[in-house]
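A.B. asks: Chain residues, written in single-letter form:
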Amino acid sequence: MRDEVIRRVRGAVAALVLAGLVVAPWAVDDYTAAILARTLALGLVGVSVALLTGVAGMPTLGQTAPYAAGAYACAVLGSQISDVGVVQLAVAAGAGAVLAALTVPLVVPARGVIVLMITLAIGELVVTVLGRWRSVTGGTDGLAGISPVRPFWGLPVLANDQARYLYTLVVVATLVGAVLLLLRTRFGLLLRAGRDDETRLRASGHRVPLHLSGAHIAAGAIAGAAGSLLVVAQQYISPADFGFDTSALLLLGVVIGGTASVGGALVGAALVIAVRDWLFGVLPGHAPLVLGALFVATVYLLPTGVNRVRGARVRLRPPTAPPSRPDAPAARDHAPVPELHA
Amino acid sequence: MTGLLSAQDVSVRYGSLAALAGVDLCIHDGQRHALIGPNGAGKTTLLNVIGGSTKPHRGTVRFNGRDVSRLGPAARARRGINRIHQRPAVFPTLTATENVVVAALPRVIRRRGWRPGGRRRAAHHRAGPLLEQMGLTDVAAVPAGHLAHGQRRQLEIAMALAGRPRLLLLDEPAAGLSATEVGRLVELLRALPRAVAVLLVEHRLDLVYALSDAVTVLRDGRTLAAGTPDEIRTSPLVRQAYADGVS
Ligand SMILES: Nc1ncnc2c1ncn2[C@@H]1O[C@H](COP(=O)(O)OP(=O)(O)O)[C@@H](O)[C@H]1O
Ligand SMILES: [Mg+2]
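Order-wise, the sequence lines are chains A and B. Sequential numbering of the first sequence, starting at 1, is according to the numbering used here. Sequential numbering of the second sequence, starting at 1001, is according to the numbering used here.
Source of the hints: derived by calculation from the structure; they are not laboratory data.
Which stretches of chain B does chain A cover? Using the computed rule of at least three CB atoms under 8 Å from a CB of chain A, they are:
| # | region |
| --- | --- |
| 1 | 1066 to 1075 |
| 2 | 1088 to 1095 |
A few chain B positions that, by computed beta-carbon distances, are all more than 12 Å from chain A:
| # | residue |
| --- | --- |
| 3 | Ser1016 |
| 4 | Arg1062 |
| 5 | Glu1231 |
| 6 | Pro1236 |
In this text, a Cβ means the ideal position worked out from N, Cα and C, and glycines have one as well.
Bound conformation, chain A alone (with noise of 0.2 Å):
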């Protein structure tokens, strides 16, 4: 019953807030418009950023990766393949799904912090091969003049902010809303399962590193696609686009949303960069320092808080909190329990 009327609630929250952003490219200026459509493409990213931390147990720093990867094939390759849209998109996933598949090794088999440190280390290395490979990435400089693009074969192209926007719209709400399926389906259940218990998980017989591997794969498409939204967006990439500061970011909206919930993930990103890009304009060099606090602030404050990366994995507390176990499959077994009253 509660939850009915809860589940109403948030379907009418949802519904509001996407008729707020089919209307708003209307109701605000060419700046702001564009703006609104790269901080969309964030939001992307931190759904894929959810989709590792929040579902399937993997917190990570390390999005702005395949983001970026998505971003510079987009504008490097796409745009000379085609200027159509869906055609840029499918090479800026293929190239954040390539690079997530090459860094498996690395990130699968590491544990709680351990994938904090060294998706945040990936994500710096890919940023300074792209400062550095300046015949390729233009440098720091960025690259620019990148030509517009048409969403579909037959479409005109896109032509100003407002239709930048809507575009960035529909496909952005399209992933997520294939996000949202893929997750109902046996691969989202094995996720959570994981995210609650891995050794249970291995012990009924699946292979977790499999699912993890897959999980990892599909945020770094995710990522990637939301690399070639970008390009579309702002016309412009640069290295500075793809950052730490972007990275710890997403984490926080994503935290913010709630880690296992992809539209609080969409709508805590986007919420986060866009007080980032206000305060930018506000408190210019403080916006970093505000930042921080709300991050101490958001750990601290909320129930399914970063605070609960403890043992292997981020996880929300279930319902009611059953005793923290031992995660080394061989101590789980030897709580001291009363026995053989024979």
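Place chain B with the ligands on chain A using the hints.
C.D. replies: Okay, now just chain B with the ligands, sitting in the frame of chain A:
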């Protein structure tokens, strides 16, 4: 004769402590084999070795004619070794039904022709009757983290059965259960098809004698005695061990 499972010369050390010191165990097809012994005897450790979650320092485990010593728990589960843990291990944020579905998935058979969600549906079909058998139908939609201890244990048994085991490892399945639940458990174990062999660790000797057709007694990581329930019941050695174990 090797039987369904044979563990040979298994030794496990924790620092200077020998949790198991050269234990042999053989379980035949369809056998109900009980493993008893005082607290700290090494029963759970032996189950861990058979299930693959603890690597022994010495010794081999053969299952169904193959050496599985090098396989991890997941691979052994896929070959038919399923277990329940001394502390019920369930997925707390998943509903009871989802828990059983997850446990059933590795062994559901793909029907001819692919349809989206087909395997999951097949696993769902398996879950319903198992939950009913364990008396969990009313809480099928409740997250497992909300369940009482006894219900979680029942749920883990349903999960173990959902994996279509050839060998079921039960680590004190009756601990913490109410009298009704114990009754249901005994009934269930009695009704298990003979295609399933059971290795039962249990300290309630009435259950052991009621359910098993072979008993192995461990003490301090060694096999103290092995035989039929009647032989064990009358063995002075075993009585002595139990008297010591309690004191
Ligand atoms: N992970 C572990 N680390 C250290 N000692 C352990 C560990 N697991 C078991 N032991 C020790 O090994 C012995 C056998 O334990 P166990 O197999 O749990 O006995 P049982 O299940 O028969 O009560 C005990 O003395 C126990 O303390
Ligand atoms: Mg034990």
